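Student: Position chain G against the provided structure of chain W, taking the given hints into account.
Chains W and G are the protein sequences, given in the same order.
So for the first sequence, this note's numbering puts the first residue at 1; every next one is plus one.
So for the second sequence, this note's numbering puts the first residue at 1; every next one is plus one.
Check each hint, because a few of them may be wrong.
[Stated by the list, open to error] For each label pair, taking beta carbons as the anchor points, the in silico distance ranges come out as:
#, chain 1, residue 1, chain 2, residue 2, range
1, G, Leu23, W, Gly52, 18 to 28 Å
2, W, Ile51, G, Met1, 37 to 47 Å
3, G, Ala33, W, Asn26, 25 to 35 Å
4, W, Asp58, G, Ile34, 18 to 28 Å
[Said to hold, decoys possible] With a Cα cut of at most 25 Å, we get these calculated BS3-like pairs of lysine-lysine:
#, chain 1, residue 1, chain 2, residue 2
5, W, Lys55, G, Lys30
6, W, Lys55, G, Lys90
7, W, Lys55, G, Lys89
These are computed hints drawn from the structure, not numbers from a lab.
All figures in this text were calculated on a predicted structure; none of them were measured in a lab.
Virtual Cβ for every residue (Gly too), placed ideally from N, Cα, C.
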Amino acid sequence: MRFLRNTFGYFLAATVINGLWGIFLNKFGLLGAYGAAFFLTGSMWCVNHYIGLIKHDDDSAFIDMGLGVAIGLIAKNYMVNGLESMINSAPTLLYVIIGAALGGYMAVLIETHIIEKDPTEINSKKESLESVNIELVDGKLEV
Amino acid sequence: MSGQAIFTTITGAFLLPFFIRLLWGRFVNKLGAIGGFLAAIIVVGTIWILDHGMKNHLIQQGNSGWIDMGLAAAVGVFTASVVTGGKVKKSFANLGAAVIGGTISGIILILIM
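Excised from the complex, chain W in its bound form (with noise of 0.2 Å):
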């Protein structure tokens, strides 16, 4: 049950997404990709990852709808052009997959960073606060 449920929220998430999308880009150009954005990818976003109908495990690497997307595209173009497309994005493929790794890795890096806590601040914090009050050097007043 549960594989199915997955399935069907990949599955949901591509065929409204790749459907759908040239709609808004037809009637409103290029900004359209924003109404795009605005109501499908953000409908899809809501309902597969926030209220959750894709389900992971809490320790679960991440699969994102996204996969679903991509896969559904390759998919239809090998059906209409053949195995001949798909050679032909083998390097568009592999350069995407190194760029991606490279941009979560580094959102990663930088995410690490901005959380931790600096401990020479904490330190000196409470020298300062040693210095001035007698009371606690002394050990009468409880901090």
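Tutor: Just chain G now, with coordinates in the frame of chain W:
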């Protein structure tokens, strides 16, 4: 692919998971589900135009076939979650679901359109 195309493709694929990872969660924490919609407009909208829409779009495709930036989002967020401790083996079921769901979607889209 020429060197310039390689560089722009890697850059275009770098941007999406980078900003999703840094911004999306913060938007949702501040504003709840509306934050998610806002993040979708700002991150996905802009980066779609950069990667696929504009005249010299960053992700250069081959002669035929289309590698969508959704793949960049998935691979990047997957990498980030593995680096911060996600278990790869447990994600195989979801991986299979994504592949199957996406393939069925491709088939249905061809039948409909």
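Student: Check each numbered hint from earlier against the structure, then list the numbers of those it violates in ascending order.
Tutor: Violated hints: none at all, because every hint is consistent with the structure.
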